[in-house]
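> Based on these hints, arrange chain B on the given structure of chain A.
If you read the sequences in order, they're chains A and B.
End of the first sequence sits at 116 in my numbering; the numbers just go up one at a time, nothing left out.
End of the second sequence sits at 1110 in my numbering; the numbers just go up one at a time, nothing left out.
Simulated from the structure, these hints should not be mistaken for laboratory data.
From a predicted model like this one, the values you see are computed outputs, not experimental measurements.
Check each hint, because a few of them may be wrong.
Stated by the list, open to error - Below are the SDA-like pairs computed for lysine to any residue, each with C-alpha atoms no more than 25 Å apart in a straight line:
#: 1; chain 1: B; residue 1: K1097; chain 2: A; residue 2: T75
#: 2; chain 1: B; residue 1: K1081; chain 2: A; residue 2: P109
#: 3; chain 1: A; residue 1: K42; chain 2: B; residue 2: G1053
#: 4; chain 1: A; residue 1: K42; chain 2: B; residue 2: S1003
#: 5; chain 1: B; residue 1: K1097; chain 2: A; residue 2: N51
#: 6; chain 1: B; residue 1: K1097; chain 2: A; residue 2: S15
#: 7; chain 1: A; residue 1: K41; chain 2: B; residue 2: R1066
#: 8; chain 1: B; residue 1: K1097; chain 2: A; residue 2: P109
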Amino acid sequence: GAVVSQHPSRVICKSGTSVKIECRSLDFQATTMFWYRQFPKKSLMLMATSNEGSKATYEQGVEKDKFLINHASLTLSTLTVTSAHPEDSSFYICSVARTDLGETQYFGPGTRLLVL
Amino acid sequence: GQSLEQPSEVTAVEGAIVQINCTYQTSGFYGLSWYQQHDGGAPTFLSYNALDGLEETGRFSSFLSRSDSYGYLLLQELQMKDSASYFCAVPYSSASKIIFGSGTRLSIRP
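With the rest of the complex left out, here is chain A:
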């Protein structure tokens, strides 16, 4: 499989501030990582595809200026929620794709963001 970590696991911030979430692939060099958002009792919604060394690809309806993604190395992708508002409160999860294991994705433990 793949071991993926996220930091922080939980974060509370004031409205208007920015929050950075880190996603690390600990045992696999990932040229591609994915960022998802999940609201309570809902499914995972893909936000964007993080590409090492190039711009992220955002899904329709996701504001790229609000959710900044940087994939500076093969083991680290960061998601920055800029000017966070209460409606951005959610569970953010990253994943690493192992195409050599049949399109399997391995997920980080997630980051729970609460914006006051």
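What follows is chain B alone, placed relative to chain A:
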């Protein structure tokens, strides 16, 4: 576009067998995956079917029928720890992106 349908909730008894169905509509099909997610946790990979038929992994099995655009996850000898949400998912591009179904919440009672 892509869409997946699965029941929202299923209830079963400890020790029993339960089947969670998933029907899908995709433009291009690579395979069907299943993920388990406990409350507050991240999804974990359970199985992947690229070809028709049944794949067995311990107490869990997954089935795919491409002609029917249908698959299911079969859980046997249910344990209380199997109480979780189960998502079917399909890759939908060569970029390894996947789309998830709405999830089935499995509740197990003693």
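> Please list, smallest to largest, the hint numbers that this structure does not respect.
3, 6, 7
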